[in-house]
Structure formats: C-alpha cells, structure tokens
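Asks: Chain by chain, the residues run as shown.
Protein chains: 2
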Amino acid sequence: MPGPLDGTLILDLTHVLAGPYASMTLADLGARVIKVERPGTGDDTRSFPPFKGRESAYFAAINHGKESIALDLKSAGDRAIFERLLDRADILLENYRPGVMERLGYGWEALHARYPRLIYGAVSGFGHTGPEAERPAYDMVVQARGGVMSITGERDREPVRVGASIGDIVAGMFLAQGVLAALLVVQRGGAGQKIDISMLDSQLALLEHAIAITTVTGEPPRPSGARHPSITPFETFHAEDGLFVIAAGNDALFGKLCDALQLPLADDPRFATNPARCQNARLLKRLIESVTLDRPKAYWIDLLTRAGVPTGPIQNVAEVLEDPQINARNMVVDILGRDGAPAYVAAGNPIKMSALPDPVTRAPAPALDEDRAAILAWLEKS
Amino acid sequence: MPGPLDGTLILDLTHVLAGPYASMTLADLGARVIKVERPGTGDDTRSFPPFKGRESAYFAAINHGKESIALDLKSAGDRAIFERLLDRADILLENYRPGVMERLGYGWEALHARYPRLIYGAVSGFGHTGPEAERPAYDMVVQARGGVMSITGERDREPVRVGASIGDIVAGMFLAQGVLAALLVVQRGGAGQKIDISMLDSQLALLEHAIAITTVTGEPPRPSGARHPSITPFETFHAEDGLFVIAAGNDALFGKLCDALQLPLADDPRFATNPARCQNARLLKRLIESVTLDRPKAYWIDLLTRAGVPTGPIQNVAEVLEDPQINARNMVVDILGRDGAPAYVAAGNPIKMSALPDPVTRAPAPALDEDRAAILAWLEKS
Numbered sequence: 001m002p003g004p005l006d007g008t009l010i011l012d013l014t015h016v017l018a019g020p021y022a023s024m025t026l027a028d029l030g031a032r033v034i035k036v037e038r039p040g041t042g043d044d045t046r047s048f049p050p051f052k053g054r055e056s057a058y059f060a061a062i063n064h065g066k067e068s069i070a071l072d073l074k075s076a077g078d079r080a081i082f083e084r085l086l087d088r089a090d091i092l093l094e095n096y097r098p099g100v101m102e103r104l105g106y107g108w109e110a111l112h113a114r115y116p117r118l119i120y121g122a123v124s125g126f127g128h129t130g131p132e133a134e135r136p137a138y139d140m141v142v143q144a145r146g147g148v149m150s151i152t153g154e155r156d157r158e159p160v161r162v163g164a165s166i167g168d169i170v171a172g173m174f175l176a177q178g179v180l181a182a183l184l185v186v187q188r189g190g191a192g193q194k195i196d197i198s199m200l201d202s203q204l205a206l207l208e209h210a211i212a213i214t215t216v217t218g219e220p221p222r223p224s225g226a227r228h229p230s231i232t233p234f235e236t237f238h239a240e241d242g243l244f245v246i247a248a249g250n251d252a253l254f255g256k257l258c259d260a261l262q263l264p265l266a267d268d269p270r271f272a273t274n275p276a277r278c279q280n281a282r283l284l285k286r287l288i289e290s291v292t293l294d295r296p297k298a299y300w301i302d303l304l305t306r307a308g309v310p311t312g313p314i315q316n317v318a319e320v321l322e323d324p325q326i327n328a329r330n331m332v333v334d335i336l337g338r339d340g341a342p343a344y345v346a347a348g349n350p351i352k353m354s355a356l357p358d359p360v361t362r363a364p365a366p367a368l369d370e371d372r373a374a375i376l377a378w379l380e381k382s
Numbered sequence: 001m002p003g004p005l006d007g008t009l010i011l012d013l014t015h016v017l018a019g020p021y022a023s024m025t026l027a028d029l030g031a032r033v034i035k036v037e038r039p040g041t042g043d044d045t046r047s048f049p050p051f052k053g054r055e056s057a058y059f060a061a062i063n064h065g066k067e068s069i070a071l072d073l074k075s076a077g078d079r080a081i082f083e084r085l086l087d088r089a090d091i092l093l094e095n096y097r098p099g100v101m102e103r104l105g106y107g108w109e110a111l112h113a114r115y116p117r118l119i120y121g122a123v124s125g126f127g128h129t130g131p132e133a134e135r136p137a138y139d140m141v142v143q144a145r146g147g148v149m150s151i152t153g154e155r156d157r158e159p160v161r162v163g164a165s166i167g168d169i170v171a172g173m174f175l176a177q178g179v180l181a182a183l184l185v186v187q188r189g190g191a192g193q194k195i196d197i198s199m200l201d202s203q204l205a206l207l208e209h210a211i212a213i214t215t216v217t218g219e220p221p222r223p224s225g226a227r228h229p230s231i232t233p234f235e236t237f238h239a240e241d242g243l244f245v246i247a248a249g250n251d252a253l254f255g256k257l258c259d260a261l262q263l264p265l266a267d268d269p270r271f272a273t274n275p276a277r278c279q280n281a282r283l284l285k286r287l288i289e290s291v292t293l294d295r296p297k298a299y300w301i302d303l304l305t306r307a308g309v310p311t312g313p314i315q316n317v318a319e320v321l322e323d324p325q326i327n328a329r330n331m332v333v334d335i336l337g338r339d340g341a342p343a344y345v346a347a348g349n350p351i352k353m354s355a356l357p358d359p360v361t362r363a364p365a366p367a368l369d370e371d372r373a374a375i376l377a378w379l380e381k382s
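So the sequence lines, in the order shown, correspond to chains A and B.
Letter 329 of the first sequence, counting from 1, is numbered 329 in the working numbering, and no numbers are missing.
Letter 271 of the second sequence, counting from 1, is numbered 271 in the working numbering, and no numbers are missing.
No lab work stands behind these hints: they were computed from the structure.
Take these hints with a grain of salt, some might be off.
Since copy identity is lost for identical chains, a pair holds within one copy or between any two.
Below 35 Å or equal to it, Euclidean Cα-Cα: the simulated DSBU-like pairs (lysine-lysine) are [to be verified]:
#: 1; residue 1: Lys285; residue 2: Lys256
#: 2; residue 1: Lys256; residue 2: Lys74
#: 3; residue 1: Lys74; residue 2: Lys52
#: 4; residue 1: Lys381; residue 2: Lys256
#: 5; residue 1: Lys74; residue 2: Lys381
#: 6; residue 1: Lys285; residue 2: Lys381
#: 7; residue 1: Lys285; residue 2: Lys74
#: 8; residue 1: Lys285; residue 2: Lys52
#: 9; residue 1: Lys52; residue 2: Lys256
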C-alpha cells in the first residue's frame, strides 16, 4: 500500500524545528527525505537535550526515517553532489534567513530557471518579504509578537508562553500544506512554485476568534486563565483531589450538567443563558465547586460523561502517553535504535487515511552524514 | 492564475470550527466550497458572538466565500439534491459524532462503493476508532486531556488554556493536509480515501519536546510560565514600561546580549553555558532586569535588534492588526459585506505561493441557504 507521496524526493536543508517538522509530516505520507546538513555539527538539535546516551531524543523525535548527508555548499565537490541531487528532487526545503540561498547561488529564481518543476519551500521568522524579512526569530518571539501570548495566561497576571512550540510547529504545518498543494500542480504538468511561510504570519492564522472580538468591540481580548473567553461553564473546576475540565457549550448541556450535579440553576435568571452565565461566571464556578469539591475528579468525569456533558482530566504528558484512547489510535510510536530495538517514543501520525499504512514503529534518525556512501552510489546508478 | 484546487468541489457538512477551518484553507487554495447546513438554524457559529448587526463576525471569519444550502438529510427531496451534489463532488467533509453519517446512509463504506473517487474527510473529538470514539469533545477537553495545558501556565500555579482554539484549529489543519494528500492519489487515477482526524490525536502532534523529556527523564514537564523549559535566556523581561521578550538561543547570542547590555556575564561560570544559565535562570533574570528596568521596551528592542539578538514586543491583538510586517505580508484582509464594502477583518492566508493569488479582500460569508436557487440551477445545467 504505497503512500500518497511514494516516489517523491525531498532535499531538506532545514534545521531545528519548523522545517524538519514539515519534512517529517511529508515522510509520514511516503516521501523520501534526504537531510542535507552542515559538515561537523549538523542540525543544531543534535546537541539539544534530553539525551539518551550520546543521541538527542529531541532530534530523533523529528528526524526519524530521514537520510543524512553532510555537504559544504561552498565547496565545489559538494556543490556538484548537491546539484546532482537537485536533478532528481521534487522538493527543496530550507529555513535559512532570507538571502542566504541567493548568496549560495541557489535562490528560487536561479533554481526555477534550471529546475522548472522543482518545488521550493521556505520557512523563516518573518517571511521573505516586508520591511523585517531579514530579522531572525525564535518560537518565543513570534508567540509574543503574533498575539497568542497576549491571550494566554491568568487573568490580571503576566502572559505566559504556550508550552508547546506552536510558533515553529504551526509554520511547519502550513509549509507541508503548501508543498502538497504545489505537488498537485506539478503532477498535472504545471510548474514548480516557491512557498514562502512566515512563522509570524502563521500565528495570526490561529487568532480567528480574537481578531473578530478585537475588530467588532474595539477591545483586544486579554488572558482568561483556564476558561473560554465567551462560553460558560467552559473551564477547570476543583474536585476533592485536583482539577478537571467541564465544557458545557450550550444551554442544553448546561441543563444536563445541573441535573447531574443536582444543582437547581438551569432556570435561575443569573444562569439561564450563556451571556448571563458569562456575567456571573465566578459565582457559578463557586456553586459548581461547592458540589465537586466533595468527591474525586474520576467520580465527576464518569458521572458527567454518562450524563452526556463534555468533560475530562487535565493530563500530564506521562499520563497522555498511557491514555487508552490515544494508544488505541497508534498515537504513541517507537523510534527504533540502530540495533532494531525500540529506543525512543514519539507522537504518531495524526493523519489517519484509509489507504495509508500506519506503522507502530519508525526507522532510526540518521547519524550525521550516515547515508553519504549509499546516496552517492544511488546517484551513480540512477 | 488558477489556484492548485481550482475546479475542485467540496461538499462541506462541517460546523463550528475544526471542519470549517479546513474548508477555509482549501478554499484559499482555490476550491469551491458548498456548505450544507441544517435547515432553520444552520451552523451553530451563526449565533456566536461577537455580532455586527445581526451577523456573527466569528462565523464570517471562517466561512467567507463559501456557498450555503440548507438540506434536511432525513427528507427524500433534500437527499436527492444532496446525492446530485455528491455525483459532482471531489471531497465530502463532516464533523458529526462517529455513526451519524452511517445512520443517514452516508457512511464511508456506502459512499465509497457508490462514489469510488470521492474523498471523505472526517474530524471528531476522539477519532472514529478506539474505546471512546463516540464521546463528544470541545477544544478545552482535548487541550486538557492531550497534555498541552499541563505545560502551559505559571510555575507552581494552576495550568491555563491556550488562548487560541488550538484543539480545533490544529485538527482542521491536519484534515486539510490529509485531503491534499488524498487528492494527489485521486488525480493520478487512484481511489478516494477516508481521512479520520481526531482532535485529541492532533494535540499529541504538538508535544515533540515534552514527549522526549518525559520518556528520557521519567518526569513530565510542568508549566514554566513565560520561559522556555530548557533554553535560557528565552523569556519575558521587564522594561520601564512593561514586558518584552529576549530569545538568546545559544552562547553566541548570549555573548551579544551581554555586550549590548554592558553586563560582564558571558565568561561568568554561572552563566557561561546554557545548562548553567538554566540552573541560574532566576538570578540571571534579575541581573538582566537590573539593566532593562531603566528604559522603555522600545529602546531595548531597538538596541538588541541592532545587536543581532532575537527580541520583540508582546503585542495584543489590536497591535498585531497594525503591525507593519504583518500588513506588508497581506495577513490582515477585509471580508466584504453584501454591499461590497469591507465589513469584517480576518487573518489572511499564511500559505504564500508564487503562483497563487493573494487577494486583499474575501467574498462575504453566505446567509443560511442563500445559494440554494443558484446551486439547483447549476445542477440542472451541468
């Protein structure tokens, strides 16, 4: 059962997270990824903690199943190898600062003239156009500048960073989408395209609700802690042994919640409608907790689930990795070590397709330059 | 200049956010989207605040440029219309609870037998397989259960929700990717596929770093406020007039930062390496703030930018919408009203492709059932 990208070759100059995340996604869809790394040190994340022995588990999580060749794109011999790879590649990915590829002689215009069907995918902090195209960025800079931090955190306290690197990852996801769209065009005989993804742009694409609020009311939303800004009750509640979540998104669900908790609030004018509940959210929280504090969270999650009210635990990552539903969906996979035994654990492929294999293991991540000889041999004979 | 999905027809049964987000992305790539809504009320988000007049700005932000037809899939007449649309559709999207489409007679197996090239894209809270497939979920439930909340918030305080609806949006993005991959297969003569996206699965796909830390150290990471858990300094700092961000991701950048702030710390053993800086992060923050508190954040952002240190403001959404770089990239677009004048503001398309138009406006979102007559006329003549 071949994947949708079977037979597709990606030449991947990207490092750290956004770009390698995109090529990982495309590899999960069947593409072959040749990772072109800087001689000597390779991808920066090879030296990122945590380590298992001398290998970075972080690097392995994003680069499993890729091949590695170290090329110095300023040396004539390595440039010749790189160009022979370009002859065969469908896609080139890079996440240098804008201008670096041009200085190497591999900018989009030059490559497009020579390889008209090649797709060129770039991801950078601020994009390849605009007054600040040249500036460097990290995840945290775009989370802060792009507005997501301003709506994340506790009410009336300082904003916090989203714990996951969504500045990088969401940009990598948009890059993968752009590459897939460009492949559709090339597959029907069209030309390759340049895809120019900005991490900052990508943060904006997460703000649908916040932009609507800001432009209609004139007031930008602020952090609202663990509650939804405009639905109530849709937040965390204390049980006897800790916090859990109730998300009663409409009046019918609120009625079911009141019945289940034996709280006669559904017809109370202070709580009968969602606007009224939002107005009296702090009082409602106390009233609900006056019931839920009496028993453990597992009791309430079970009771409310049977009543049809969306609810659930707040799981730490260790608990997530043991979650039966998540494991039933093959969302925790083993990355194999060089000895063929499981060495690391990583997230599985969230794109479940009826004709796409969903293996329970992943091939090892490559050592730096590990595949050089095999790649050169393949170039000779192909 | 046609888009990659020009000529592609999406029959879109989805409502609220995850599914409509996916069809919006595909519409931005050129697809025609016919939104099939429940007669009477239509998509729930038509009644979600904020409103402008009687229209929901939230609905408009996600459904601009789509066509609307209201169909009762339990009535014979409307089913006949729906099946004539299926004859012409390339893609069907739905986000009902698992089993609903089967009960309507439109489950994947039945549709695949009758329309073998049709792509069937589903997004649900927990996916169509596993012990909890039938359970309902909202964004907050999967943010909490999927682990992202457990690493977001202030240190030693309660976890917070990510202010953006990443439980829905990230799932919608994976659905769009799956559809694009399936289109590649159909375009080369292959069969349609079912794509089964789970909001909970999709949260896992954001946890690369946290999963690596948990499995290697045995300790799940906890919230670390506004700082990165394993890079220092990579966090917010107080200036005279408020907070800003410094992200010095390696020793070289830390050296530049020390020079720019005239702080002689680069060779201090407490701060010379990233592990040492992480160990002494609180002290380092105080030392940096002992300098930065003296002047406003704009001064420091300008100074550090010139020194090559990644830095930036924490912008609220009103500031984001005025950001020159964001506007130079056409990331703030106008949604037109029925009178042709700009009515709403929304995020632009983050997928910038060299042969994809990037219009500065979007067509209006449809009124419920607005396009019924035109769609029926089109069915007659095509």
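Asks: So, for every hint listed, does it hold in this structure?
Replies: For each hint, the structure was consulted:
1. Within a single copy, Lys285 and Lys256 get their C-alpha atoms as close as 16 Å, which meets the 35 Å cut-off; across copies the closest is 48 Å, which misses it.
2. For the homomeric pair Lys256 and Lys74, the shortest alpha-carbon distance between copies (27 Å) is at most 35 Å, but the shortest distance inside one copy (67 Å) is not.
3. In this homomeric assembly, Lys74 and Lys52 come within 35 Å of each other (Cα to Cα) only inside a single copy, at 33 Å, whereas the closest approach across copies is 57 Å.
4. Taking the closest pair of Cα atoms, Lys381 and Lys256 never come within 35 Å of each other, the shortest separation being 68 Å inside a single copy and 48 Å across copies.
5. Within a single copy, Lys74 and Lys381 get their C-alpha atoms as close as 26 Å, which meets the 35 Å cut-off; across copies the closest is 60 Å, which misses it.
6. In this assembly of identical chains, the alpha carbons of Lys285 and Lys381 never lie at most 35 Å apart, being 69 Å within a copy and 57 Å across copies at closest.
7. When the C-alpha separation of Lys285 and Lys74 is checked against a cutoff of 35 Å, the pair qualifies neither within a copy, at 63 Å, nor between copies, at 40 Å.
8. For the homomeric pair Lys285 and Lys52, the shortest alpha-carbon distance between copies (30 Å) is at most 35 Å, but the shortest distance inside one copy (45 Å) is not.
9. When the C-alpha separation of Lys52 and Lys256 is checked against a cutoff of 35 Å, the pair qualifies only between copies, where the shortest distance is 31 Å, while the shortest distance within a copy is 49 Å.
Going down the numbered hints, you'll see the structure goes against 4, 6 and 7, while the others check out.
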